[in-house]
Amino acid sequence: MSTTLQDDGTRTLREGHAPTLKVRKRPLNRRATLALSIASPVVLLLLWEVASRSGMVDARFFPAPSGVFLALAKRLTGSELWGHIGISLSRIVIGFLIGAVPAVILGLAMGLSAVIRAIVQPLVDATFPVPKLAILPLFILIFGLGEGSKYMVLAVAVFFIVLVNTAAGVRAIDTTQLEVGASFGASRTIMFFYIALPGAVPFILSGLKLGMNVALLVIVAVEFTGASSGIGYLIWNSWQVFKVEQMYVGLVVTALFGFGFAGLFALLERVSMPWKRR
Amino acid sequence: MSAIPGSPPRASSDVKVDIRGLEVEFQMRGSKFKALDGIDLTIRRGEFLVIVGPSGCGKTTLLRVLAGLEEASGGDVRIFDDDNGQRPESAMVFQEHGVFPWMTVRENIAFGLKASGMPRKARRDIADEYIERVGLTPFAKAYPHQLSGGMRQRVSVARAFATDAQMLLMDEPFAALDEQTKLVLQELLLRIWQETSKTVLYVTHSLDEALVLGDRIVVMSGRPGAVKDVIDVAAVFQRPRKVAEVRSDERYGSMFGRIWGQLRQEDEAAS
Ligand SMILES: Nc1ncnc2c1ncn2[C@@H]1O[C@H](COP(=O)(O)OP(=O)(O)O)[C@@H](O)[C@H]1O
Ligand SMILES: [Mg+2]
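As they're listed, the protein sequences go chains L and G. Under our numbering, the residues of the first sequence are numbered 1 to 278, in order. Under our numbering, the residues of the second sequence are numbered 1 to 271, in order.
The shape of chain G in the complex, shown without the other chains (with noise of 0.2 angstroms):
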């Protein structure tokens, strides 16, 4: 993440990520190729960020930047902090294979607290509150391979959230799940958001998903990866929202309908 010498500070209290000209390249058998090729992006403080676009377009990889587990190999990413560095800067929430089977739910829960060096009662206390807050109460003593995919990603989800992170990287992670376990985990996300105005940036190939989620979407094209659209939905479906209410309005239809035409506009172009 490097900032460029010289340059005014576009900072203004609602912005939480500014993204200019973001490049990255990578070493395919000796030669190379652009992933991700002048990404701009502002994003706002607190909002829900939805990404979506064809597979391979880079989503992953936006995610794996803002996460540090990246190198930008040209542009600007800018993070602005919400006060001073006291929390960490963000936490991220993976598809599957986040949790690790040889701790317990609540030593996977409490392991970015580990991480950030909070002392064992603090991170107790805190885990036991998220593991409530996902409701896996009764199996905090129990390992991965005796919980469900969905409470496995139940676990992902409270771990992120309980580093107190300012900003959440989640990369499509209820991809795997059944349209049930799917549906009661984004309920349960909004519900956890909302308590806790924290920015979210999260990456799904799921339309549906984007617009019951998001306050804005962001439509990628791929090949390299570019941003095409970025629609926004808060000015549509008023919060607190309801995911059955919001695909039952009258305006999902239009709305998704608009997204799938560039959806498919990228399609057509690749094919």
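Just chain L, same shape as in the assembly (with noise of 0.2 angstroms):
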């Protein structure tokens, strides 16, 4: 079936004029994939490398990337470093996990149950669409400067996002699949726990995921200003003194922690769902 756009705007469908389209259906093998995988980073890195040092580009603010990894490896052996990384973690795992388990729970009951979607929806709608970063100043006047609020707004992040998806999740779910379950008679919980949870489970960990990355987002914005220690607060404080090296150090391994977390899911998607084809 062919689509012409004729010169009144209207469409007329055409039978039997199929487009001979040819994909390539076979996807690369895997150490075809990976190889190439691994070249265009290296290659990007070598061009960086070479137009730092031959001066094409102003070393002042493109270091050397052997420069930044030898920072990066120098500064790995002291205590200042990691103490940042392991309060940005921190942050994130506790405004992650603040965020995160509720709204699992009140996305599957919102997929669930028409009375809860009416009654949450519209707060959502409401509230969604306010950048999370701007209840920040809320944030610290309820729960003060310390640790309080920058969970609390990781965590307001977080949640939408997750909430949306798993809501999402469950209303994919095939209604004959549903039906399978009231049609033998299955009690809420086994609807909820064997049916609901699972076939939900692809869109949830999404959720999670794009859940995680925005606390990443978030979480280095908060530190640019609201703090006095993580990786955000290295990244702008290296800014301000001039370490521009320095600066990169913070920005490789903000980089690594969305590698670290990108594995982690992947991880998560393979126990979590055996039952998927792949």
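These are computed hints drawn from the structure, not numbers from a lab. No experiment lies behind these values; they were computed from the predicted model shown. There are no misleading hints in this set.
SDA-like cross-link-like pairs, simulated, lysine to any residue; straight-line CA separation at most 25 angstroms: (1) L:Lys243 x L:Thr225; (2) G:Lys114 x L:Leu178; (3) G:Lys34 x L:Glu179; (4) L:Lys209 x G:Pro101; (5) G:Lys114 x L:Tyr194; (6) G:Lys114 x L:Pro198.
Combine the two chains into a complex, taking the hints into account.
Now the structure itself:
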């Protein structure tokens, strides 16, 4: 079937004129994929190295990667960087959990119950668009300048994205599968733990993944100004005192956080969804 | 499911379901329309009743009312218990997507038993028995995505039979399968049914399937759905049956012609 757009803007569908688009369906083999995905960042780093050393780019702003990695290695042997890493990680994990756990529970309830959905949905719709960082000052008023306000900003940011995804996940479950449960007279508990929860797991996990990315983003921003510790503080402070290499060390560490969380979630996916086609 | 107060019981030992004047209404963008209008039907205990009819005539709706998934808006449906409610009233087999992708074959088949609160060990034993009966023993621990469509329907059928429900409600369970697989599963279904003496309500749009499987065939007419004819097949094709033998029987053609005549009138009325 093909679509033709006519002069008057109307479309007609014609049978029997299937476009012969050839799609390469077979994915690259694993080794080739791995080789390419290693090669591309390495090549980029090499280009950067050359550009920085040869003066093609300003080495004050773009220090050579080798220098950055040396600085990183040196700092990893001391305790200061580890301190920043530890404090940021604990903020992320605690804030994430405070936000994600109730979000999954409420999201499942919203997906299953039209009543709960009718109550919660308007509140979510009204508050979801508020940029989460904008409530930091309010939370500082409420929870003080300490850790509490940081956890809560993270928690709120994570909460919404996980909630919305979880509820969507339950709604996306094939209605037949919910009816199978009902037709066998399954109790609410069984419907919840054996159908709604596992059925929504793919959406929940992608919600958690997005939530973790948001948490990383928010924590760095929060630490820029409202903290005297953490990776965000390290980056901001390095900029203020013009220690560019140290700033890059902070950037590399945040990137490693991102990689680490991505790996963690890939593992979680494998463990929690043995039934997924791979 | 409502009983009319004061009306005399119509129960007799060989009636399983008694449907009188059943109506089901749906809301469609504010306006109401009747999917089923004045269905009268008696289902006998232990019979294999097949329902055929044009698409959209309310076959699925009828099954869903009996399964308790849909509310009747009028009329009277009575389901008579086989044995004081010891066993579940009914179990449903859906056309597709009925098996849970996140459960193994064994977990899927045991699900109905779990829902009825049976302890783990007993559940597992019964599930394994039915896994064997439908020939899936090597796949007990497989997930549905690792199975063919036919194997997935075996799981659905086994899950329904495993609950030992008094009545099986099957909604075009084999419609999406290829001919060969369908034939094998029809034979399998007949065999298990014969061993268990359950009442079966089987919806299909295939006249062949109706003739091969059914004791009686209910022909429905559409918009709104009503019972048009009931054809006694058991009087013609004796049990136990072989699918291929029924098809090659000389009376198969005339029976086919009779139902087809009914359905064609339907088509002409609709067009
Ligand atoms: N939940 C529903 N809401 C509105 N209309 C419905 C609903 N379920 C079924 N219908 C309508 O009722 C009629 C009968 O449907 P169904 O029982 O599925 O027919 P069949 O199984 O015979 O094809 C159809 O016109 C269908 O569109
Ligand atoms: Mg149907």
